[in-house]
Each structure stands twice: as structure tokens, then as C-alpha cells.
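Just so you know, the sequences run in chain order A and B. No gaps in the numbering here: position 50 of the first sequence is 50 in the working numbering, and each next residue is one more. No gaps in the numbering here: position 137 of the second sequence is 293 in the working numbering, and each next residue is one more.
Treat the hints with caution; some may be incorrect.
Unchecked claim - List of simulated lysine to aspartate or glutamate pairs, EDC-like, C-alpha gap at most 16 angstroms:
id	chain 1	residue 1	chain 2	residue 2
1	A	K53	A	E76
2	A	K27	B	D297
3	A	K53	B	D353
4	A	K27	B	E341
It should be emphasised that the hints constitute simulated quantities derived from the structure, not laboratory data.
Given next are the chains, with one letter for each unit.
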Amino acid sequence: MSRTTLDLWVGFFVAVGLGALLFLALKVGNLASSSSGETYPIYAKFDNIGGLKVRGAVKSAGVVVGRVTEIRFDPEAYLGVVTIQVDARYKFPRDTFATINTSGLLGEQYIGFEVGGDIAMLKAGDTIKKTQSAVVLEKLISQFMFNKAAEDGGKK
Amino acid sequence: MDNGLTRALQGLGRQVNSRIWRLGFASRFFLAIMLHSGTSLRRIHLTIREIYFTGVLSLIIIMVSGLFVGMVLGLQGYDTLARYGSTEALGVLVALSLVRELGPVVSALLFASRAGSAITAEIGMMKATEQLSAMEMMAVDPIARVVAPRFWGGVIAMPLLAALFSAMGVFGGYLIGVQLIGVDEGSFWAQMQASVDFRQDILNGVIKSFVFGIIVSWVAVFEGYDAVPTAEGVSGATTRTVVTSSLAILAADFILTAFMFTGT
């Protein structure tokens, strides 16, 4: 068995194919940026999680600091419990305020951290006390309509 | 009794009977390939030769069609996204549709008609010219010598071709979206990287193309081996390869998609 030009072409083909896969992994996908580094879990309870999804982003000051890893329902308090894995490089005060925001008008929903002033920091397994639920557009509109109707009624 | 009706029923029964018979034979044939793949992997140069014929010679068609599919996705996607004012998401649209669906499926369809039909015709002609019988006379197992290398060549080449197709498609989408239309280059790549997950999207696409490679190669070698050993029989088998494997690819794609992307 000796080397042939056939081997050269097959080697070229396999190299190009693996190169394409590498391109997809690094340039198209987020294999490089998804730092699978250390994280710690934090829980947050919401009245209404809206359209929040698992793998959704958690942002503070607009920077991604963690991911939503689990969403379940608390059958005793009737609340949605969201498990968040926060990047271990970042620590947040105990009175951090978690809100569910929407990126853009039709974009995905994400959790935003608004940092408080407490000196004690959130530890792994802690639950965030202060949360604000997702804005439900229908509620907002009906509230607006009621207010408008009340105003008009007052004028007469 | 109505003579025509009985004859029609008999014909139907014979059809069903022969289909089931073929299915059973195909399954047994698959097992035989698996049993004999040890020999074909030990004599790797046979498989490398088949990777050359099925993979390297399909490079041009896969790369050119990948480029064009990506360019079309760029144009069509921009047109639709512009209505919602979110043209920066063009990269996401192009990359996700290619990596998840179009890359594996379209390259498998092209692979079936480019390489699968060639494999069927080759094995069918070997059977028609009694080369396979001659091998058996010389105590060479034709499944180990002829069939298994072609099967593994196809299975190995398919995921690589699909990855190339997707990569070329993303490049085509970039050419049209960023260079021609003028979508912002930074948000094109950044949004793409933010929403394409390696395990969820890319690896599932690779698994899909691997399964399609098995389907196409299996159908191709089986149809060739089972062909009626005449010129007409070989031409019929080649047609059946393309039709059967295309349908099987689309059906398997639905099943795999239902398992992989359940929309959570």
C-alpha cells in the first residue's frame, strides 16, 4: 500500500469538511464565547414570568451576567420560580431588584438586575426578594382604557 | 365470483407481499454490512477510494449550491425582516435555517442524486456483468469487498458535505446581506453568535446529516445489490434509489426535528 494522489484529495476533502465544522462552531455558533466557567445558582420568584425561556439572558447594566437554567411552578405560593446561573466573577448585593424586561418591541424577554446598596452579597442558593413581573400588554392597555374612561367621566 | 375483483385483490396482495419481503431483505442486508464493516475498515484504502468518489467529487455541486441557497436566504430574509424593522437579525435567520434544516436536508438530497445513484448504478452493473458472482466464486465476499466500503464512504462523507454546505451558505448570506445590501456587519455576526448554540443547533445538524448519510448509503447499496441484472433493471434501481432515499430523508427529517426541536 503506497501513497497516491487519491489520498491527497481525500485528505483535502476531510480537512475542508472539518474546517467548515470548525467555522460553524467558532464563527457561527457561540462555542468560544459561551464561557463554561464557574457559576452559582440564585432563585427568583415572579408573579408572572411572561415569555421568559430557559437559556434566556440575565443582564445587569445591559451586560450578560448569567443564564436562566430552569423555570418551574411553585404549587404552594402559586409563583413561577426561576433558577439563574450567575457568572462566578460577578457578585450582587442582597437587595438586588430582578425585573423581567423585553429587548425591543417584539424581542426576547430577559431578566434585568438592578443593583441595590446592601453591603451583604447574594450567596449561592439565595432567593431574590424583590422582583417585578413581566408586563402583560393586555393589562397595560385595559388599565390605560379605564383611566381614559375615568378622566372623560370626570370632565362631564 | 367477480373475476376482475379477485384479480385486483391478488395483485394488491402480491404488491404488499413483495414490499414486505424487500423490507426484510434490506434489514438483513444492513446487518450483513455491519458484520462485514470490520474488514472494510481494516482495508481502509477501499473506503478512502469511495470517500474520493462520493465526497471529493461532490464538493463542487455542494459548495456551489450552498453558496446560492445562502444568497437566496439573504435576499428573501432581508425582504421579510425589513417589514418588521429587524434586519440585523438576518444573520440569525440565515445561520439557523442553514445549520438546522437546509444544510443537512438539501445536501443529503443532492448527495442522493449525485453519489447515491452512482453507487447503485455501479453495483447494479457489477451484478449484471456477473462480477459479484465471480467474486463469490473466488471466495471473496462481495459485501465485504464492494458494498461495505461504499456504505462507509457515504456515511463518512455526508456530515462533512453538510457542514461545508452550511458554511458556504452562511458565507453566501454574508455576501448578499452585508456586502450587497449593507446590513451592519457587526450585528450580523454578533446576533448570529448570540443565538446559534453549539450543542443545540450545530451538533443536532451534524447528527441529522449523519443519519441521512446512513439512509442514503443504505438505500443506494441495497438497490444496487437487489437490482434485476439487466440494463433495464439497473436503470429502474437507480431511479428507485433517488426516489426512495429522497422520501426517506424528508420523513426522517421530520422525525428527527420533532425529537430535537420540541419548541421549549
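Tested hints:
1. Our distance criterion of 16 angstroms between C-alpha atoms is broken by A:K53 and A:E76, whose separation comes to about 22 angstroms.
2. Distance check on the hinted pair: A:K27 and B:D297 sit about 46 angstroms apart at the alpha-carbon level, beyond 16 angstroms; violated.
3. The hinted pair formed by A:K53 and B:D353 meets the criterion: a straight-line CA distance of about 15 angstroms does not exceed 16 angstroms.
4. Annotation: proposed proximity of A:K27 to B:E341 holds, straight-line Cα distance about 13 angstroms (limit 16 angstroms).
The structure does not agree with the numbered hints 1 and 2 stated previously, though it agrees with the rest.
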